[in-house]
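Construct the entire structure; sequences and hints are all you get.
Protein chains in written order, with the numbering used here: chain D, 1 to 121; chain C, 1001 to 1110.
Be aware that a few hints might be false.
[Claimed, not checked] Dumping the calculated PhoX-like pairs for lysine-lysine here, alpha-carbon to alpha-carbon at most 25 Å:
(1) LYS76(D) <-> LYS60(D)
(2) LYS65(D) <-> LYS87(D)
(3) LYS1106(C) <-> LYS76(D)
(4) LYS1046(C) <-> LYS1067(C)
(5) LYS87(D) <-> LYS1106(C)
(6) LYS1046(C) <-> LYS1106(C)
(7) LYS60(D) <-> LYS1046(C)
(8) LYS43(D) <-> LYS87(D)
(9) LYS76(D) <-> LYS87(D)
If you are wondering where the hints come from, they were derived from the structure by calculation, not from laboratory data.
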Amino acid sequence: EVQLLESGGGLVQPGGSLRLSCAASGFTFSSYAMTWVRQAPGKGLEWVSTISGSGGSIYKADSAKGRFTISRDNSKNTLYLQMSSLKADDTAVYYCAKDLTDYVDSAPDYWGQGTLVTVSS
Amino acid sequence: QSVLTQPPSASGTPGQRVTISCSGSSSNIGSNYAYWYQQLPGTAPKLLIYRNNQRPSGVPDRFSGSKSGTSASLAISGLRSEDEADYYCTAWDDSLSGWVFGGGTKLTVL
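In structure tokens:
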């Protein structure tokens, strides 16, 4: 059974940093691309970033460029999202998701339960 | 403003068939697969349809997807109360090199 467990969310001040983690199990982690998607309170889904199975290909939304870094440790079956220069607009539930395949145009099929990031002073 | 356009709301009575549309462009739905997700209140999204019209195992055949040109559609037949949820479409956008989502459609079962 595929399981994705996010952690690292919480309250952070504007301009601060936070690192989200996603522990994966139930599948061969290195064989699949992984994605972060966020959802602001009461709003729709917004793609943040995707990383290939090897970590060699990375794609980011414009909102994440220059501030967010996606990475993965295949030896630990863990996905990360390092976030810096956080703004109030970054307040959202952040979902970790496994993609259908390792191809870039293959959307997520399994999602974690999400971790809430609140940016506020 | 979402790149993919969905109606903000839809409704139907139990047993009815409802359709939710998703309009895009040549750089996303027009050249790539469309996917659909269901999000029940307070839960994570669940994949309903992949590669335009494929259902993951466990998804009832009451749910079906189609694509024509730069638009995609999700149809739900035999509507049930438990179908009340938010539905999102998504596709890879070649121009943006990223995933784009519709704004979501809130389905109400009357």
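Evaluated hints:
1. With a C-alpha separation of about 23 Å, the suggested pairing of LYS76(D) with LYS60(D) holds against the 25 Å cut-off.
2. Among the hinted pairs, LYS65(D) with LYS87(D) is consistent with the structure: their alpha-carbon atoms are about 14 Å apart, no more than 25 Å.
3. Using a Cα cut-off of 25 Å, the hinted pair LYS1106(C) and LYS76(D) is violated, with the two alpha carbons roughly 38 Å apart.
4. Restraint check: the Cα-Cα separation between LYS1046(C) and LYS1067(C) comes to about 20 Å, which is no more than 25 Å; the hinted pair holds.
5. Pair hint LYS87(D) plus LYS1106(C) does not hold up; C-alpha atoms about 28 Å apart against a cutoff of 25 Å.
6. The hinted pair formed by LYS1046(C) and LYS1106(C) meets the criterion: a straight-line CA distance of about 15 Å does not exceed 25 Å.
7. Simply put, LYS60(D) and LYS1046(C) have alpha-carbon atoms about 22 Å apart, close enough for the 25 Å limit, and the pair holds.
8. Between LYS43(D) and LYS87(D), the direct Cα distance comes to roughly 17 Å. Compliance with the 25 Å bound is thereby established for this hinted pair.
9. About 30 Å separates the Cα atoms of LYS76(D) and LYS87(D), which puts this hinted pair outside 25 Å; it is violated.
Hints 3, 5, 9 from the list above are not met by this structure, while the remaining hints are.
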